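In terms of this note's numbering, the sequence shown opens at residue 7 and continues consecutively.
Hints in this document: simulated from the structure, not taken from any laboratory. Accuracy of the hints is not assured; some may be wrong.
[As the list claims (entries may be wrong)] Result set (DSS-like, lysine-lysine): computed pairs, CA atoms no more than 30 Å apart in a straight line:
{"hint": "1", "residue 1": "Lys62", "residue 2": "Lys154"}
{"hint": "2", "residue 1": "Lys154", "residue 2": "Lys48"}
{"hint": "3", "residue 1": "Lys28", "residue 2": "Lys64"}
Please read all numbers here as calculations on a predicted model, not as lab measurements.
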Amino acid sequence: MGKKAEFSAGDFVVYPTHGVGKIVGIEEQEISGHELQLFVIKFETEKMTLRVPIEKAKVAGLRRLSSRQQMELALSTLRGRSRVNRAMWSRRAQEYAAKINSGDPISIAEVVRDLHRHGGQPDQSYSERQIYESALERLVRELAAVEKIDR
Numbered sequence: 007m008g009k010k011a012e013f014s015a016g017d018f019v020v021y022p023t024h025g026v027g028k029i030v031g032i033e034e035q036e037i038s039g040h041e042l043q044l045f046v047i048k049f050e051t052e053k054m055t056l057r058v059p060i061e062k063a064k065v066a067g068l069r070r071l072s073s074r075q076q077m078e079l080a081l082s083t084l085r086g087r088s089r090v091n092r093a094m095w096s097r098r099a100q101e102y103a104a105k106i107n108s109g110d111p112i113s114i115a116e117v118v119r120d121l122h123r124h125g126g127q128p129d130q131s132y133s134e135r136q137i138y139e140s141a142l143e144r145l146v147r148e149l150a151a152v153e154k155i156d157r
């Protein structure tokens, strides 16, 4: 096909709703009579393989790993003061999910910071804990990939 792929096999990438994955190949498939070139992305932690059309990769939010500087900003966000949000839990949960699914490490760090419990604070509900752990896992996986270390 005419367009040069921005990524190649072996590259680690971030897909907003799934986090860090590795491009294991590029394949062609015929879908509805059209030949499409697809990135084949493997997500180890979710034991999942995703195929993304090369031409739709940018629109889908597929991006390279963050730079070390971007990860530093995310880590400094963790050191900041938590934002107390007094909105209804369902509204807050939606906001947190949107931040996590944005794939932006700074937004994800905000969720981790705001949901982290220190001594003397009330316990988290089950759903708060789930969102916190999801955000933390997403942040840790990208940091580990950027630093080339095991998570």
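Structure-based check of each hint:
1. Lys62 / Lys154: Roughly 28 Å separates the two Cα atoms, so the pair holds.
2. Lys154 / Lys48: Since the Cα atoms of Lys154 and Lys48 sit roughly 17 Å apart, the hinted pair holds (cutoff 30 Å).
3. Lys28 / Lys64: At roughly 16 Å apart (the allowed maximum being 30 Å), Lys64 and Lys28 satisfy the hint.
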